[in-house]
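As you go down the protein sequences, you meet chains P and S in turn. Mapping to my numbering: the first sequence position 207 is 211, numbers consecutive. Mapping to my numbering: the second sequence position 207 is 211, numbers consecutive.
One should not assume that every hint holds.
Since the list can't tell identical chains apart, any single copy or any two copies may satisfy a pair.
To be verified - Capping the alpha-carbon separation at 27 Å, the derived lysine-lysine pairs in BS3-like fashion look like this:
no., residue 1, residue 2
1, Lys-413, Lys-423
2, Lys-414, Lys-359
3, Lys-58, Lys-224
4, Lys-155, Lys-414
5, Lys-344, Lys-156
6, Lys-58, Lys-34
By construction, these hints were calculated from the structure, which means they are not laboratory data.
Number of protein chains: 2
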Amino acid sequence: MVRTDISALLPFILEGIEPWLEKAAAAAEKLNAETAFAGWLHLPSNTSAELLDKINAAAAKIRSDSQVLLVIGIGGSYLGARAALELLRPQFGSDGSPEVIFAGNNLSGLYASQLLAYLEDKDFSINVISKSGTTTEPAVAFRISYSLLEKKYGEAAAARVYATTDANRGALRTMADKAGFTTFVIPDDVGGRYSVLTPVGLLPLAAAGISIKDMINGAKAGEAEYLRKSSDNPAWLYAAARQALYAKGKKIETLSFWEPRFRFLGEWWKQLYGESEGKENIGIFPASLELTADLHSMGQYMQEGERTIFETMLYSQPEAPVVIPFDEADLDGLNYIAGKDMDYVNRTALEATAKAHTDGGVPCMRLDIPAVTAASVGNLFYFFEVACAVSAYISGVYPFDQPGVEAYKKNMFAMLGKK
Amino acid sequence: MVRTDISALLPFILEGIEPWLEKAAAAAEKLNAETAFAGWLHLPSNTSAELLDKINAAAAKIRSDSQVLLVIGIGGSYLGARAALELLRPQFGSDGSPEVIFAGNNLSGLYASQLLAYLEDKDFSINVISKSGTTTEPAVAFRISYSLLEKKYGEAAAARVYATTDANRGALRTMADKAGFTTFVIPDDVGGRYSVLTPVGLLPLAAAGISIKDMINGAKAGEAEYLRKSSDNPAWLYAAARQALYAKGKKIETLSFWEPRFRFLGEWWKQLYGESEGKENIGIFPASLELTADLHSMGQYMQEGERTIFETMLYSQPEAPVVIPFDEADLDGLNYIAGKDMDYVNRTALEATAKAHTDGGVPCMRLDIPAVTAASVGNLFYFFEVACAVSAYISGVYPFDQPGVEAYKKNMFAMLGKK
Chain P
5 MVRTDISALL PFILEGIEPW LEKAAAAAEK LNAETAFAGW LHLPSNTSAE LLDKINAAAA
65 KIRSDSQVLL VIGIGGSYLG ARAALELLRP QFGSDGSPEV IFAGNNLSGL YASQLLAYLE
125 DKDFSINVIS KSGTTTEPAV AFRISYSLLE KKYGEAAAAR VYATTDANRG ALRTMADKAG
185 FTTFVIPDDV GGRYSVLTPV GLLPLAAAGI SIKDMINGAK AGEAEYLRKS SDNPAWLYAA
245 ARQALYAKGK KIETLSFWEP RFRFLGEWWK QLYGESEGKE NIGIFPASLE LTADLHSMGQ
305 YMQEGERTIF ETMLYSQPEA PVVIPFDEAD LDGLNYIAGK DMDYVNRTAL EATAKAHTDG
365 GVPCMRLDIP AVTAASVGNL FYFFEVACAV SAYISGVYPF DQPGVEAYKK NMFAMLGKK
Chain S
5 MVRTDISALL PFILEGIEPW LEKAAAAAEK LNAETAFAGW LHLPSNTSAE LLDKINAAAA
65 KIRSDSQVLL VIGIGGSYLG ARAALELLRP QFGSDGSPEV IFAGNNLSGL YASQLLAYLE
125 DKDFSINVIS KSGTTTEPAV AFRISYSLLE KKYGEAAAAR VYATTDANRG ALRTMADKAG
185 FTTFVIPDDV GGRYSVLTPV GLLPLAAAGI SIKDMINGAK AGEAEYLRKS SDNPAWLYAA
245 ARQALYAKGK KIETLSFWEP RFRFLGEWWK QLYGESEGKE NIGIFPASLE LTADLHSMGQ
305 YMQEGERTIF ETMLYSQPEA PVVIPFDEAD LDGLNYIAGK DMDYVNRTAL EATAKAHTDG
365 GVPCMRLDIP AVTAASVGNL FYFFEVACAV SAYISGVYPF DQPGVEAYKK NMFAMLGKK
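Starting from the given sequences, assemble the full structure and let the hints guide the process.
Next up, the structure:
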């Protein structure tokens, strides 16, 4: 479970958090009344054993016949799976599972050409993820990579394609039904940025050997906790605190994590919050920091730049004790921490940084999570989703649309001469 | 050479760019008068063939006896080399050069333990980069990884360590001289974030097989161009435009690039600008976007969130033509761009996005660079360095210190009981 610690915010929220928790309660009511896009809300408890079995069966086939799984998707069809993979897989080398490579999230010719050359002599499968099947980036990537798949495997190519798409409509559904791809469904009432716990995220994770059952169970435990009507609900606390700070002129939130493997969790979080809240000319600007690395890059700005920032520290429990060795000569002066665990020093750095930033005018709260496992990652995804919807409703915007995303597409289609 | 295109900014800089270019000229004078930390300014033309030969000789040894080069450093001793490597190496698989792994930029026990396990059965060398040798993160990483190196190679371990450090002083210099490590010098008058074109950045790049001679030559060409006293100097234009926008209330700059391989160039840029300008409670908050991916995550915020953002598009010339194939069925509706090059679509997306964002109240300028090569990357590093110093001087702060970085360290040492 996530624990939200806002104790250090009190000097910044002078009227106290209570009025903001009342707003959170009202926002939670709105969320309960949502019908069009609230499919994610009880998704964990509604996920059937049959669905997980079907995903695991597809994953088992991919694991048996593929060195690479190419996952084609953009936005919400990309960031969640990548975030979880970076959190849960080894950071160096391979554990013997298929390599997962993401494509369809850019239009770079070099990326595509290097990817095609790399796949040429690999056994691979494709998981193409798109509600419509017509979004430019994934559609281009699928055309190109499916050509290679057909060249390599001929008529057997279709059996290596897993399409995650709409149940009934759209180009990818039509293609899949015609060609006989294995298909998985993106529910109608789950928007892209809330879709990580559907087959969108689950199939790539299962193919990488991650327990999606544990992940869903972790999220299911979150349903009980984060939908609870209580002023100590950690999702309400997080939502209330960030809106209270925004009202006080803190316009930028940095999600600051303490290990490199959280980088794409940060990217997933930026989409969730930026796309849900950044509308009608308001919204907290979401940024992320990888600490302690970024204390030596963005640390100066955090300490002394414009005082319009607040910080959310995301800290997970240690997993691997590494003791700092004693050194007779002690030229580097580290013997005062010799014998200590690295994670003890890491946690101390967190506390030192929280104090320094708070003293410098950057309010700092903390989200404490257990050790990183499939279950705790599922729980964390769900926590952020609930807190985001509540936070957006507090700020007065509708959390589940993204009207601004069409503007560049409209220009692009006109410039490309699309009829 | 970088070309700075600010033509789309005119609606936002009502008084015109001229007064800001005058400020840039005055700022460039201050930069010329700087003595303490201006070693980077003529570094490219002052870099001797002997130094490059010495670096290349060390690199050749690493390439001959190591599967992995472990580069230990944080902040400016980390981000530049990583940025250039991600730009210049293959994005998938290996080209046969040693793998470069970065350490000493975090305090995660899990990262360290997975790294040690991975190195156990690899031949590896260490490049430890630190002016003082006592910065906590790299010092801890070096203690731990040098232990493994000694366990594997005994007395031959020292011949596998390359220390990039102060010429005369500090713990790492003392250790290196005592143990007989090969050493390279970080000049006194070059700060960390301006050090990528010293041995700090050059040795890891040479070990990866990148031409550091080309990189320095590219930067050297930049000296002629970006130190030129002229209102069409592209570094002045960039510096003037960003400060003009900041004065108009645009508080956040996103550096938006069009291929995934620019991600760590963005991180390097964030340190350079954030650490140089974020002081005295002012400064543009630097953020980065990877496009088109982030159009499907941060795109909504860019289009309709708070109108306090401006955007700098960084675009490099295409390198690999990949033609979008024709498909008889055309279910995905892509045939209107069949036969076109992916990079043509990418460039069109850039123009469509620049127009959409500008129309939406986010002023958008463009930095055009040639195809990505060692020379053009060296040139780009140097461009950003000059423009950053000029921009900081325009804003009234001193570009070369970072007083705020000490605050968390002071707290941390107290909490850890350092005498």
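Hint-by-hint comparison with the structure:
Taking CA atoms no more than 27 Å apart as the test, Lys-413 paired with Lys-423 passes inside one copy only; the shortest distance there is 13 Å, against 59 Å between copies. In this assembly of identical chains, Lys-414 and Lys-359 lie within 27 Å of each other by CA distance solely across copies; the values are 11 Å between and 47 Å within a copy. Proximity of Lys-58 to Lys-224 under the C-alpha cut-off of 27 Å is restricted to the intra-copy arrangement: shortest distance 19 Å within a copy versus 59 Å between copies. For the identical chains of this complex, Lys-155 and Lys-414 are neighbours neither inside a copy (34 Å) nor across copies (61 Å), given an alpha-carbon limit of 27 Å.
When the C-alpha separation of Lys-344 and Lys-156 is checked against a cutoff of 27 Å, the pair qualifies only between copies, where the shortest distance is 24 Å, while the shortest distance within a copy is 54 Å. Proximity of Lys-58 and Lys-34 under a CA criterion of 27 Å is satisfied in neither setting, with 34 Å inside one chain copy and 67 Å between copies.
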